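Enquirer: Letter by letter, the chains look like this.
There are 2 protein chains.
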Amino acid sequence: MSYEKVTASVQARLRQIVGAAYVLTEREKMLPYSHDEVTDPSYHHLPEAVVLPASADETAAVVKLANTCHIPVVPRGGGTGLACGAVPIYGGIVLSTERLNHICEIRPDGLYAVVEAGVRTADLQAAAEARGLFYAGDPCSGDSCCIGGNIATNAGGNRAVKYGTTRHQIYALQIVNPTGHILSVGAPLRKQSTGYCLEQLLAGSEGTLGIITQATLKLFPKPPYCSDILAVFPTAEAAVTLASTLLQKGILPTCVEFLDQTTLHAIADFLQEPLPGQADGHYVIIEMESADEDERDRHLLQLDEYCRAGGASQVLLAEYKKIWHLRKSFAEAVRAESLCVSKEDVVVPIEREAELLQKIAATTARYRLTVRLAAHAGDGNLHLNILKPPAEDYDAWQRRVQAHQQELYTYIYQLGGRLSGEHGIGYKRKQLMKKFTNPEELAMMKAIKQAWDPNNILNPGKIFDLP
Amino acid sequence: MSYEKVTASVQARLRQIVGAAYVLTEREKMLPYSHDEVTDPSYHHLPEAVVLPASADETAAVVKLANTCHIPVVPRGGGTGLACGAVPIYGGIVLSTERLNHICEIRPDGLYAVVEAGVRTADLQAAAEARGLFYAGDPCSGDSCCIGGNIATNAGGNRAVKYGTTRHQIYALQIVNPTGHILSVGAPLRKQSTGYCLEQLLAGSEGTLGIITQATLKLFPKPPYCSDILAVFPTAEAAVTLASTLLQKGILPTCVEFLDQTTLHAIADFLQEPLPGQADGHYVIIEMESADEDERDRHLLQLDEYCRAGGASQVLLAEYKKIWHLRKSFAEAVRAESLCVSKEDVVVPIEREAELLQKIAATTARYRLTVRLAAHAGDGNLHLNILKPPAEDYDAWQRRVQAHQQELYTYIYQLGGRLSGEHGIGYKRKQLMKKFTNPEELAMMKAIKQAWDPNNILNPGKIFDLP
Numbered sequence: 001m002s003y004e005k006v007t008a009s010v011q012a013r014l015r016q017i018v019g020a021a022y023v024l025t026e027r028e029k030m031l032p033y034s035h036d037e038v039t040d041p042s043y044h045h046l047p048e049a050v051v052l053p054a055s056a057d058e059t060a061a062v063v064k065l066a067n068t069c070h071i072p073v074v075p076r077g078g079g080t081g082l083a084c085g086a087v088p089i090y091g092g093i094v095l096s097t098e099r100l101n102h103i104c105e106i107r108p109d110g111l112y113a114v115v116e117a118g119v120r121t122a123d124l125q126a127a128a129e130a131r132g133l134f135y136a137g138d139p140c141s142g143d144s145c146c147i148g149g150n151i152a153t154n155a156g157g158n159r160a161v162k163y164g165t166t167r168h169q170i171y172a173l174q175i176v177n178p179t180g181h182i183l184s185v186g187a188p189l190r191k192q193s194t195g196y197c198l199e200q201l202l203a204g205s206e207g208t209l210g211i212i213t214q215a216t217l218k219l220f221p222k223p224p225y226c227s228d229i230l231a232v233f234p235t236a237e238a239a240v241t242l243a244s245t246l247l248q249k250g251i252l253p254t255c256v257e258f259l260d261q262t263t264l265h266a267i268a269d270f271l272q273e274p275l276p277g278q279a280d281g282h283y284v285i286i287e288m289e290s291a292d293e294d295e296r297d298r299h300l301l302q303l304d305e306y307c308r309a310g311g312a313s314q315v316l317l318a319e320y321k322k323i324w325h326l327r328k329s330f331a332e333a334v335r336a337e338s339l340c341v342s343k344e345d346v347v348v349p350i351e352r353e354a355e356l357l358q359k360i361a362a363t364t365a366r367y368r369l370t371v372r373l374a375a376h377a378g379d380g381n382l383h384l385n386i387l388k389p390p391a392e393d394y395d396a397w398q399r400r401v402q403a404h405q406q407e408l409y410t411y412i413y414q415l416g417g418r419l420s421g422e423h424g425i426g427y428k429r430k431q432l433m434k435k436f437t438n439p440e441e442l443a444m445m446k447a448i449k450q451a452w453d454p455n456n457i458l459n460p461g462k463i464f465d466l467p
Numbered sequence: 001m002s003y004e005k006v007t008a009s010v011q012a013r014l015r016q017i018v019g020a021a022y023v024l025t026e027r028e029k030m031l032p033y034s035h036d037e038v039t040d041p042s043y044h045h046l047p048e049a050v051v052l053p054a055s056a057d058e059t060a061a062v063v064k065l066a067n068t069c070h071i072p073v074v075p076r077g078g079g080t081g082l083a084c085g086a087v088p089i090y091g092g093i094v095l096s097t098e099r100l101n102h103i104c105e106i107r108p109d110g111l112y113a114v115v116e117a118g119v120r121t122a123d124l125q126a127a128a129e130a131r132g133l134f135y136a137g138d139p140c141s142g143d144s145c146c147i148g149g150n151i152a153t154n155a156g157g158n159r160a161v162k163y164g165t166t167r168h169q170i171y172a173l174q175i176v177n178p179t180g181h182i183l184s185v186g187a188p189l190r191k192q193s194t195g196y197c198l199e200q201l202l203a204g205s206e207g208t209l210g211i212i213t214q215a216t217l218k219l220f221p222k223p224p225y226c227s228d229i230l231a232v233f234p235t236a237e238a239a240v241t242l243a244s245t246l247l248q249k250g251i252l253p254t255c256v257e258f259l260d261q262t263t264l265h266a267i268a269d270f271l272q273e274p275l276p277g278q279a280d281g282h283y284v285i286i287e288m289e290s291a292d293e294d295e296r297d298r299h300l301l302q303l304d305e306y307c308r309a310g311g312a313s314q315v316l317l318a319e320y321k322k323i324w325h326l327r328k329s330f331a332e333a334v335r336a337e338s339l340c341v342s343k344e345d346v347v348v349p350i351e352r353e354a355e356l357l358q359k360i361a362a363t364t365a366r367y368r369l370t371v372r373l374a375a376h377a378g379d380g381n382l383h384l385n386i387l388k389p390p391a392e393d394y395d396a397w398q399r400r401v402q403a404h405q406q407e408l409y410t411y412i413y414q415l416g417g418r419l420s421g422e423h424g425i426g427y428k429r430k431q432l433m434k435k436f437t438n439p440e441e442l443a444m445m446k447a448i449k450q451a452w453d454p455n456n457i458l459n460p461g462k463i464f465d466l467p
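First to last, the sequence lines map onto chains A and B.
With UniProt numbering applied, the first sequence corresponds to residues 1 to 467, in that order.
With UniProt numbering applied, the second sequence corresponds to residues 1 to 467, in that order.
Watch out, some of these pointers could steer you wrong.
Since the list can't tell identical chains apart, any single copy or any two copies may satisfy a pair.
Said to hold, decoys possible - Pairs of lysine-lysine, DSSO-like flavour, derived with a Cα cap of 27 Å:
| hint | residue 1 | residue 2 |
| --- | --- | --- |
| 1 | 162 | 222 |
| 2 | 434 | 64 |
| 3 | 218 | 321 |
| 4 | 446 | 64 |
| 5 | 359 | 435 |
| 6 | 322 | 162 |
| 7 | 343 | 328 |
| 8 | 218 | 162 |
| 9 | 343 | 321 |
| 10 | 328 | 162 |
| 11 | 29 | 435 |
| 12 | 64 | 218 |
| 13 | 430 | 218 |
| 14 | 249 | 222 |
| 15 | 249 | 430 |
| 16 | 162 | 249 |
| 17 | 162 | 343 |
| 18 | 162 | 64 |
Hints are computed from structural coordinates only; laboratory data are not their basis.
From a predicted model like this one, the values you see are computed outputs, not experimental measurements.
Given the sequences, and given the hints that come with them, work out the whole structure.
Expert: Below you can see the structure in the form of structure tokens.
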């Protein structure tokens, strides 16, 4: 893939579009835009320019210019990705949505919000809450990730069991397409059958088919009661099986989170405090919304019953802030142990999770891998973090990690699973995507990309390579 | 658009693929395949052959042959469409899925079913129920429509308020693509971000992008309690506003159906029995699922309170069979009044429904149109049936209908609405689609079609025309 360079004349035209202050070309200022949260420097790449448009019109003008000049454009939200989706691997322009940060409208009667792409997820959550409403999307990085990035990666997070992932929150998108046209797809309708559902195609397309500039997202009335339960299970298999049991019983929690015992110890060390029941096993955190106190009491009794029937040794009412601080410390605790971590984001049908955990225990032992493990057990999405031992040579460790990956993914695809539950493919998993995806399916994805972006300028080299 | 003919030699090859008994070429046998439920004969068109494959392999072989020979292939499920989506307007082959009628698997642990495309919706519902499970998709034509058609049109139906439309029931699809390859897209996963979401692109694409041969669909545990409420409102506006009120209050019914007073009288005449409260106004039927008796009682009290606060003069507990028999008699009652009916399937944001009803009352009066009206009020989807007066000339009536359509749709798009809530565009609404859709959006739909189906053999001339 060969592209034109961002020359001085292109820079000048970019400055005309967005204003001189919003075109960054100094190495130091561009460095933060050379990577996402993947720490491995081999995945970093400096752009030639960073552009910060303030509107869809400016975004469109930048894309039009880039398309005409044959320069790649890589859209970027909060930069919290874990698949190098926002890394400009061919240089060119990083288009940051950070100035597209307005909450345009919140409609309590229609139960939706219209927000620009650069709005932080936590800011939308807070704005909805201030109106007695609720935005259901909730990635663990909610404080720093942006709505546009959530949509582009179909971010999942903690509430997907009840509310689905980011794609399920979408009514409509305003996008800039690869030839620089602004268009709106979808509408705030609870039902429609009026042509192809382009908004769902764009969601999860990782910036390869369009740059999201604005989104119309579903809101809900704020649930009156929300309880958090902590259950401690003697085995990891019993712990994750609970999720599937609850769903079969018709109980729909907001989330069912799993932390294995080794990981709990790592989090306890990081937080420098002992955790309740830490010595006894594995954690399951269940969050349950209820309409009133009676329903809440019924839910708590049912959860207690099913947890104990499933083998839990302890079932405790948890304090919201404390338990979620613990859960959300997972990534930081891992980082405190090692800066060199291979992160997997696999997903399987929930009824196969216990099998997957057994397989992981066996294969990681065989490959002598140090593992920290958290799972969104309620939706089958498992985050496997493999830590490099300090003493080991990087390349030798990588060889073991990759050999293990191949074996693990082969097994996961046999279970009906996929490479990524919520982080996306990006640049990092592109080779795995090629290996594990039906070539005919991949060809159909590529055909859409080529039809919409004939010059391959929007986030090239992500998800797949074009011939 | 010009195609090759189904010659004797093509017929012979079709017989080799599916067996001689499953290729129909006699006019009489093909007649039922020349139309869907649109009665107007100007929308009927005879195919050159009807083919009934028994497997995805046979379907693929038929499509491959058609693609090689440049013959159109029109997939057909139950033939209950209302937009002429299954009508072979360029002749060629109608590919009926009626022999693809196996329920392959029902998985209570994973809460999903794998079914072939030709399975009737009611049969899947019954099979799920027999296992204590529940399939949420429920078009009014459930007894005769098929899963493949439901997916192709993103059929809505009665339970969309709580469960969404058919696209929300889909985990995975097996399809035959326009070049005759079988592939699977999606997986029974509650979360994933592994490439473009092709299953959601295919859902609602009305057979133009692929022929669905099998689907993996979500199931739910059967809700323990289900209550039906009938509320009678003095004005149509107050009636439809209830839906929006309930959702804002955090009450999520399975469905909120609306029947206006004129329509009630027509149904009463058809059923030859008076309906309760018929003289007092307009009907709202609310169905509400509950987890136990306490919750059911609370739901009923709340519904009574909100209905009365919204102006209802009567709020009655309804008998399930009776009230749904009444609701589902709508189409037949209309047919009993006139065989010549123009059916609209418009959809607006639910908070704009009352405005739309006022507009419709004004415009249909001005155009002197006889109207029967039912709405899935809980999702903004309104079925406007315009009856031809027996004495009037067809063409004169059509001119008034079409002039009214243009005015109505202009207004609906101003409200953020769309042409079709659940019937699709098909052949019937293609010109309206062209007029009311942003050309850039339409161009992006067409680009996908052209990239996947370069010979334009799969259901050509539906949704849009290609140049």
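Enquirer: Check the structure against each numbered hint from earlier and tell me which ones fail, lowest number first.
Expert: Violated: hints 11, 12, 13, 15 and 18.
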